[in-house]
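> So the protein lines, in turn, are chains S and C. Residue numbering for the first sequence follows this note's numbering, starting at 5 and increasing by one per position. Residue numbering for the second sequence follows this note's numbering, starting at 54 and increasing by one per position.
No lab work stands behind these hints: they were computed from the structure. Any given hint might turn out to be false.
Quick look at which bits of chain S chain C covers, simulated, 3 or more residues with Cβ under 8 Å [claimed, not checked]:
| # | region |
| --- | --- |
| 1 | 12-23 |
| 2 | 47-55 |
| 3 | 63-73 |
| 4 | 94-108 |
| 5 | 112-118 |
| 6 | 126-136 |
With a straight-line cut-off of 30 Å between C-alpha atoms, the simulated DSS-like cross-links for lysine-lysine are [what the hints assert, rightly or not]:
| # | chain 1 | residue 1 | chain 2 | residue 2 |
| --- | --- | --- | --- | --- |
| 7 | C | 163 | S | 45 |
| 8 | S | 45 | C | 210 |
| 9 | S | 45 | C | 124 |
These stretches of chain S come out as covered by chain C in the derived footprint (C-beta under 8 Å, 3 or more residues) [as the list claims (entries may be wrong)]:
| # | region |
| --- | --- |
| 10 | 37-44 |
| 11 | 141-152 |
We put the CB at the ideal spot given by N, CA and C, even for glycine.
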Amino acid sequence: MMKQPGSEVRLDQIYWVFCSIGAASFGGGITGWIHREIVHKRAWLSDDDMLSGIALSQIVPGANVTNTCVYVGNRLRGLPGAVAALVGLMTVPFWATIVVYSLWDQISSVPLLQAVVDGVAASAVGLNLRLAYVGARRSARRLTSFAIMLATFTAIGLLHWPILPVLFVLAPLSIALAWPRGGVDA
Amino acid sequence: MRENIYLSLALVMAPLSLAAIGGAPSIFAPMQHETVDIYHWLTAREFVEIFAVAKFAPGPGAMVSTLIGYKVAGWLGALVSTLALFLPSSLLCLAVTQAWNRHRGKLWHKAVEDGLGPIAAGLMFAGVLAIFRLAEAGPLSWLVAIVVGVILSLRSKVHPFALLALGAAVFAGVWLSGFQATGF
């Protein structure tokens with residue numbers, strides 16, 4: 005059911021998917037949406053592929069969402085795919101933020117509008133929750149993976165430790181634990 | 054140093070691009086320092102306002118850079134500032150991704166992928182918490198997010214736009230009925 009990455013996905017398809025993601029990306033819930041559109045709905049990538057891409061995107065500097073775009077686009081169609089995804093993601097927000105800025109005095113005087121946007125943002129976070137849940141279920145396949153997930157969440161989400169040192173410790177540990185038993189690297 | 058405003062914008066934003074470790078929130082403080090205290094492109098109050106605008110409009114939080122560019126030097130400024138903030142990190146990410154993909158299929162690649170999965174899941178949970186904490190979200194935000202997550206898990210065919218509309222309707226309804234419970 006998984007398509008071979010890149011075999012059928014056209015650049016304009018990539019552009020339009022990310023264009024719609026960008027247009028709907030309120031309040032930071034974008035990664036969950038990308039996962040839904042790319043993995044769930046279109047099966048362009050697998051869950052594992054996507055999750056490792058998300059982790060890479062957070063380790064590499066830059067906005068997590070644009071990095072995830074680059075990862076997905078590149079995975080599907082190489083450099084042109086990454087460009088299509090990135091340009092697609094930025095198209096609507098670029099114009100929209102400037103338009104909103106120009107109209108800000110009027111917008112900020114209508115509290116109902118603010119409530120609507122807050123509601124959209126809260127729903128978007130729900131998309132992220134769903135993705136986190138998918139990741140958690142996959143992690144629960146192994147006790148050690150589940151422990152690593154909890155440790156990551158506790159260190160960064162609850163204790164607010166800086167992300168890089170935490171990942172420098174936990175990522176190698178997690179990879180070592182995931183190493184196939186008795187396997188010799190090729 | 055300030056003759057060319059576009060160059061100055063690029064020189065401020067490009068290093069921040071590579072400094073955004075763990076995502077855009079980590080560079081808002083230095084960005085404010087550079088643009089407000091050093092270059093005096095905008096006042097502290099204007100920076101906060103731009104931050105609110107970027108949160109209100111769709112797009113990554115780092116769109117703050119677009120607005121700073123727009124305020125300082127119009128449309129071209131917006132474009133230069135956006136590219137300067139997003140290009141360097143994207144190129145780095147591209148290089149990392151391509152190196153990563155070249156080794157696909159090898160045993161260690163699978164181990165790294167399996168190892169990064171739980172990390173990503175933990176980061177996603179932490180991210181949800183961080184977004185809500187930054188936005189000082191009220192119980193209603195939590196409720197809507199959890200309900201949306203559950204709906205998606207049960208009925209995966211629901212279009213996300215319908216869920217976003219649901220959240221908007223709930224918040225608007227609560228606001229109209231006079232509760233001050235929102236405060237996302």
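> Run every hint past the structure and note whether it holds.
Okay, the hints, checked on the actual structure:
With 0 residues carrying a beta carbon less than 8 Å from a beta carbon of chain C, the region 12-23 of chain S misses the three-residue requirement, and the given coverage is violated. With 3 residues bearing a CB less than 8 Å from a CB of chain C, the region 47-55 of chain S meets the requirement of three and the coverage assertion stands. Here's how the region 63-73 of chain S fares: 8 of its residues keep a CB closer than 8 Å to some CB of chain C, so the rule of at least three is met and the hint holds. For the region 94-108 of chain S, the stated coverage by chain C holds: 11 residues have a C-beta nearer than 8 Å to a C-beta of that chain, and at least 3 were required.
Only residues whose beta carbon comes within less than 8 Å of a beta carbon in chain C count, and the region 112-118 of chain S has 4; three or more means the coverage holds. Here's how the region 126-136 of chain S fares: 11 of its residues keep a CB closer than 8 Å to some CB of chain C, so the rule of at least three is met and the hint holds. Restraint check: the Cα-Cα separation between residue 163 (chain C) and residue 45 (chain S) comes to about 24 Å, which is no more than 30 Å; the hinted pair holds. Taken as a hint, the residue 45 (chain S) and residue 210 (chain C) pair is honoured in the structure, with Cα atoms around 8 Å apart against an allowance of 30 Å.
Under the criterion of a C-alpha separation no larger than 30 Å, the hint pairing residue 45 (chain S) with residue 124 (chain C) is inconsistent with the structure, at around 39 Å. Requiring three or more residues with a Cβ within less than 8 Å of a Cβ of chain C, the coverage given for the region 37-44 of chain S holds, as 3 such residues are present. Closer than 8 Å: that is the beta-carbon criterion, and the region 141-152 of chain S has 5 residues meeting it against chain C, so the requirement of 3 holds.
Going down the numbered hints, you'll see the structure goes against 1 and 9, while the others check out.
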